[in-house]
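Protein chains in written order, with our numbering: chain A, 60 to 557; chain B, 60 to 557.
Among the hints, a few may not be true.
Any copy will do: because identical chains look the same in the list, a pair fits if it lies in one copy or spans two.
[Said to hold, decoys possible] Straight-line Cα separation of at most 20 Å, PhoX-like style, residue types lysine-lysine; simulated pairs:
hint, residue 1, residue 2
1, 335, 241
2, 242, 335
3, 239, 519
4, 486, 380
5, 477, 530
6, 126, 383
7, 126, 486
8, 542, 190
9, 519, 190
Quick caveat, the hints were computed from the structure, so don't treat them as lab data. Predicted model only: the values in this text are computed from it and were never measured.
Protein chains: 2
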Amino acid sequence: MHSLKQGPVAVIGGGVIGGGWAARLLLNGIDVRIHDPHPEAGRRVREMLANAERAWESLTSAPLPAKGSLSFCGSIAEAVEGSVFIEECTPENLELKQRILAEVENDAASDALIGSSTSGLLPSDLQSEMKHPERLLVTHPFNPVYLLPLVELCGGRLTSPEVLDQAAALFESLGMRPLKLKKEIDGFLADRLLEAIWRESLWLVHDDVASVEDLDDAFRFGPGLRFALMGSFLIYRIAGGEEGMRHFMAQFGPALKWPWTKLMDVPELTDTFLDKIASQSDEQAGNLSIRELEQIRDDGLVAILQGLKGVDWGAGSVFRKQEKQLFENFHQNAVHKDLDETQPLVLHRGWIRPSWTDYNGHMTESRYLQVFGDATDALLGYLGLDQEYLDSGFSVFTVESHIRHLDEGAPGSNFVVKTQLLGGDEKRLHIWHELLDQESGSLFATGEHMLLHVDTLAAKSCTMQSRLLSKSQQLRSLHQSLKRPEAAGRSIALPSGN
Amino acid sequence: MHSLKQGPVAVIGGGVIGGGWAARLLLNGIDVRIHDPHPEAGRRVREMLANAERAWESLTSAPLPAKGSLSFCGSIAEAVEGSVFIEECTPENLELKQRILAEVENDAASDALIGSSTSGLLPSDLQSEMKHPERLLVTHPFNPVYLLPLVELCGGRLTSPEVLDQAAALFESLGMRPLKLKKEIDGFLADRLLEAIWRESLWLVHDDVASVEDLDDAFRFGPGLRFALMGSFLIYRIAGGEEGMRHFMAQFGPALKWPWTKLMDVPELTDTFLDKIASQSDEQAGNLSIRELEQIRDDGLVAILQGLKGVDWGAGSVFRKQEKQLFENFHQNAVHKDLDETQPLVLHRGWIRPSWTDYNGHMTESRYLQVFGDATDALLGYLGLDQEYLDSGFSVFTVESHIRHLDEGAPGSNFVVKTQLLGGDEKRLHIWHELLDQESGSLFATGEHMLLHVDTLAAKSCTMQSRLLSKSQQLRSLHQSLKRPEAAGRSIALPSGN
Numbered sequence: 060m061h062s063l064k065q066g067p068v069a070v071i072g073g074g075v076i077g078g079g080w081a082a083r084l085l086l087n088g089i090d091v092r093i094h095d096p097h098p099e100a101g102r103r104v105r106e107m108l109a110n111a112e113r114a115w116e117s118l119t120s121a122p123l124p125a126k127g128s129l130s131f132c133g134s135i136a137e138a139v140e141g142s143v144f145i146e147e148c149t150p151e152n153l154e155l156k157q158r159i160l161a162e163v164e165n166d167a168a169s170d171a172l173i174g175s176s177t178s179g180l181l182p183s184d185l186q187s188e189m190k191h192p193e194r195l196l197v198t199h200p201f202n203p204v205y206l207l208p209l210v211e212l213c214g215g216r217l218t219s220p221e222v223l224d225q226a227a228a229l230f231e232s233l234g235m236r237p238l239k240l241k242k243e244i245d246g247f248l249a250d251r252l253l254e255a256i257w258r259e260s261l262w263l264v265h266d267d268v269a270s271v272e273d274l275d276d277a278f279r280f281g282p283g284l285r286f287a288l289m290g291s292f293l294i295y296r297i298a299g300g301e302e303g304m305r306h307f308m309a310q311f312g313p314a315l316k317w318p319w320t321k322l323m324d325v326p327e328l329t330d331t332f333l334d335k336i337a338s339q340s341d342e343q344a345g346n347l348s349i350r351e352l353e354q355i356r357d358d359g360l361v362a363i364l365q366g367l368k369g370v371d372w373g374a375g376s377v378f379r380k381q382e383k384q385l386f387e388n389f390h391q392n393a394v395h396k397d398l399d400e401t402q403p404l405v406l407h408r409g410w411i412r413p414s415w416t417d418y419n420g421h422m423t424e425s426r427y428l429q430v431f432g433d434a435t436d437a438l439l440g441y442l443g444l445d446q447e448y449l450d451s452g453f454s455v456f457t458v459e460s461h462i463r464h465l466d467e468g469a470p471g472s473n474f475v476v477k478t479q480l481l482g483g484d485e486k487r488l489h490i491w492h493e494l495l496d497q498e499s500g501s502l503f504a505t506g507e508h509m510l511l512h513v514d515t516l517a518a519k520s521c522t523m524q525s526r527l528l529s530k531s532q533q534l535r536s537l538h539q540s541l542k543r544p545e546a547a548g549r550s551i552a553l554p555s556g557n
Numbered sequence: 060m061h062s063l064k065q066g067p068v069a070v071i072g073g074g075v076i077g078g079g080w081a082a083r084l085l086l087n088g089i090d091v092r093i094h095d096p097h098p099e100a101g102r103r104v105r106e107m108l109a110n111a112e113r114a115w116e117s118l119t120s121a122p123l124p125a126k127g128s129l130s131f132c133g134s135i136a137e138a139v140e141g142s143v144f145i146e147e148c149t150p151e152n153l154e155l156k157q158r159i160l161a162e163v164e165n166d167a168a169s170d171a172l173i174g175s176s177t178s179g180l181l182p183s184d185l186q187s188e189m190k191h192p193e194r195l196l197v198t199h200p201f202n203p204v205y206l207l208p209l210v211e212l213c214g215g216r217l218t219s220p221e222v223l224d225q226a227a228a229l230f231e232s233l234g235m236r237p238l239k240l241k242k243e244i245d246g247f248l249a250d251r252l253l254e255a256i257w258r259e260s261l262w263l264v265h266d267d268v269a270s271v272e273d274l275d276d277a278f279r280f281g282p283g284l285r286f287a288l289m290g291s292f293l294i295y296r297i298a299g300g301e302e303g304m305r306h307f308m309a310q311f312g313p314a315l316k317w318p319w320t321k322l323m324d325v326p327e328l329t330d331t332f333l334d335k336i337a338s339q340s341d342e343q344a345g346n347l348s349i350r351e352l353e354q355i356r357d358d359g360l361v362a363i364l365q366g367l368k369g370v371d372w373g374a375g376s377v378f379r380k381q382e383k384q385l386f387e388n389f390h391q392n393a394v395h396k397d398l399d400e401t402q403p404l405v406l407h408r409g410w411i412r413p414s415w416t417d418y419n420g421h422m423t424e425s426r427y428l429q430v431f432g433d434a435t436d437a438l439l440g441y442l443g444l445d446q447e448y449l450d451s452g453f454s455v456f457t458v459e460s461h462i463r464h465l466d467e468g469a470p471g472s473n474f475v476v477k478t479q480l481l482g483g484d485e486k487r488l489h490i491w492h493e494l495l496d497q498e499s500g501s502l503f504a505t506g507e508h509m510l511l512h513v514d515t516l517a518a519k520s521c522t523m524q525s526r527l528l529s530k531s532q533q534l535r536s537l538h539q540s541l542k543r544p545e546a547a548g549r550s551i552a553l554p555s556g557n
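This is chain A alone, in the form it adopts within the complex (with noise of 0.2 Å):
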């Protein structure tokens, strides 16, 4: 089967899809070529690039791989040659993708997969003129690519069942949630919902009904919150109460038949319409740029995400898989081989997001708590706690902490944790960490840690298995040597002990 780890992906187009597909792709660590004639696209794809990192970065602290390369190729040919995987972004015009598609076979390897991320056309109308159609799928994402994580799949008649498979896990290993459809539509599954929802829309603009504002409004304030957990028919499954769906549909089923949605028809998009709809839009956005609100929808999302993940439904139970694979990777993958074990060793870095600020816009002090947990957890998964010594029935609680405040960090400012072993023994670990401002320098906060190794199964301290014990206490000798921070082993007191 393909992997996408064997070589690069080729995407043609970078466009807002191309250039997301592009993000997620480097982010998860695959070499990307991209081939687009647009002379802006270059920078479109690097800024796309850096807001998807940004995100990645409040996202998550699982440590992500090594970003794969990015090439910008002046033709399909070159951007196509090698590839194991190419992804076609153009324009929603038949005719052209065809033209692509037939340059894409030229030059790409004959058993390279070809997706396509139309919007809504016809994948048997795609590769009615390949040269070898059943490795063409539609792969439908959804903006941003690099955050969102459902792809659609859906197959035309040439279309080999196996190339819908491996898509599937192709997609599942870079994060996302495909969906593979049972039957071929025009506008597959999701554009066909966004598409009623958009020509309900246009009409009550059109009609001076509501305003651009209004019918967002009417959407984000709602029902549109629900829709990041569920679908219409869980929504009013739920809505129907105990009496379930049937009751729902004998309660709701006669509005089907009133006035609630306009004909099928659309407004036609007259020079007047399509002003009132931009100066609305305009008056929308008010003062912030589409970069500034990319981030604003991305901070959203990864909130979203983060929240979802917490209760480990729909997107936040995708997110939540990736993130342990992340740590898997990581650990299998020995990343940190190379530090000098004499120092205190930097095993967590970030930047203070501007959602850890309390009332007073500094950080919230559980956050410090929070930094110097995933400081120790990465000090563990380096010393070799991972996901199969867990299993195994131990585990390493921290049993007391000591938190000194010494500076703010401001929000955005990146932040690294220098972790010193003060001292352990066979059951225990006196750990020192460091949160410093990676700029300056500057000394935000020190935590002083004892962490105890348990059987979680007896819920007693144990001694550590030896792969870890024998990791520890190397890394305890070669601190020894290090100075023992002043303030280590303090209690807390007030200055003349009133």
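Got chain A; can you put chain B on it based on the hints?
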């Protein structure tokens, strides 16, 4: 102007919407008089209230007002008598609603406002037979009413404009986001959009293009995540990229002419089709009961609202404002005035959220500091540190914390924090928190903290302002006679000094 605080609100109908209104009102400290002839209505409303309390407990640590009292009334007359506001939540049937509104008017005060929760019937039709039609408006909420902020306000031909303004102010005081419609239209705004999705979804299931689960997944893993943040117009503006809304319309305008949605016709709701929907819906829900599904939905919405609060956007901004108001009300009302100050104070309670647990299934260490931080805030609020104090340029920062983890709190268990003032001077507070299981009294953790009073502008420590200082000193002298916890002032060290 009317104020909901002045008197009870009558809710006519105790289904999903009526029960949801009752829950939101009660949690906002407002008395509710509910009428519903259904024999199970009482149990259902109480279950919904329990769900709402559970969600709010986890949504915020802000101090909620004392809950309003809930009465079940045997008749409409009994429910509406003396009520300042009456919310009608009966089935979607114009004649029924008109009959009920006539009954309401028989016994309601002539200036009581009357809102109808109808999903789409016209207020002009609802009010056509009323004696005082000027005080009738549509107040259309979204399920769950106790969490979603949106309420669509729509007046009829005879509704007074002042009534719309009054209602908007009332709903804002409940933490909601009223959206006043410019024109009266069937289905208002949100339900027209939802109905469009729903019609399309029914066709896709009817034609076996997709299952109900496929359609729900096509939303919740992709575009649905965005709808918690933004509506179609802003989303498409962003998708249009740098070229803006007109470019987007030019690019995707043609798709409006393609067969990407079905006609407005709906599939006939035959028994066979209803069976298909009901059985696919059963399969999708698996073993989850409606109550369990509601809790999953609520936990997700809580996480989303908290996430959006962090980025201060959309529904998160509404919630942030409400939470700020709750803290202000709390400080103004000095709810704790009858505390015994000669004992450690219980100023913070809560329960261990499932989302607080780590990979060991135990409460994540940073959550302990979060709980202690909340308890510290509660103490500072109790001592007089309110918004006015903060706005005057002074605050109190934690400079040192020492946490001891003694026992594991299981997810779901209730906790209390007992707080003792160990010492202090005119700039410092030395405090001791104990986090205990509320039922068993077992001690999960202790927190010892040094707090420093600061001039936030000068960014240096300074003497407390008189109000805070005198209250602190008073509490300190009372707590001086308490036994000092043995572990106070301890430092962290290995037992053998290794």
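Cross-check of the supplied hints:
In this homomeric assembly, residue 335 and residue 241 come within 20 Å of each other (Cα to Cα) only across copies, at 16 Å, whereas the closest approach inside a single copy is 40 Å. Proximity of residue 242 and residue 335 under a CA criterion of 20 Å is satisfied inter-copy only: 18 Å between copies versus 38 Å inside one chain copy. In this homomeric assembly, residue 239 and residue 519 never come within 20 Å of each other (Cα to Cα): the closest approach is 48 Å inside a single copy and 60 Å across copies. Taking the closest pair of Cα atoms, residue 486 and residue 380 never come within 20 Å of each other, the shortest separation being 31 Å inside a single copy and 48 Å across copies.
In the homo-oligomer, the alpha carbons of residue 477 and residue 530 lie at most 20 Å apart inside one protomer (18 Å), although the nearest pairing across protomers, at 41 Å, exceeds that limit. Taking the shortest Cα distances, residue 126 and residue 383 sit within 20 Å of each other inside one copy (18 Å), while across copies they are farther apart (42 Å). Proximity of residue 126 and residue 486 under a CA criterion of 20 Å is satisfied in neither setting, with 37 Å inside one chain copy and 49 Å between copies. For the identical chains of this complex, residue 542 and residue 190 are neighbours neither inside a copy (69 Å) nor across copies (86 Å), given an alpha-carbon limit of 20 Å.
Taking identical chains as interchangeable, the C-alpha atoms of residue 519 and residue 190 are never at most 20 Å apart, the minima being 65 Å within one chain and 74 Å between chains.
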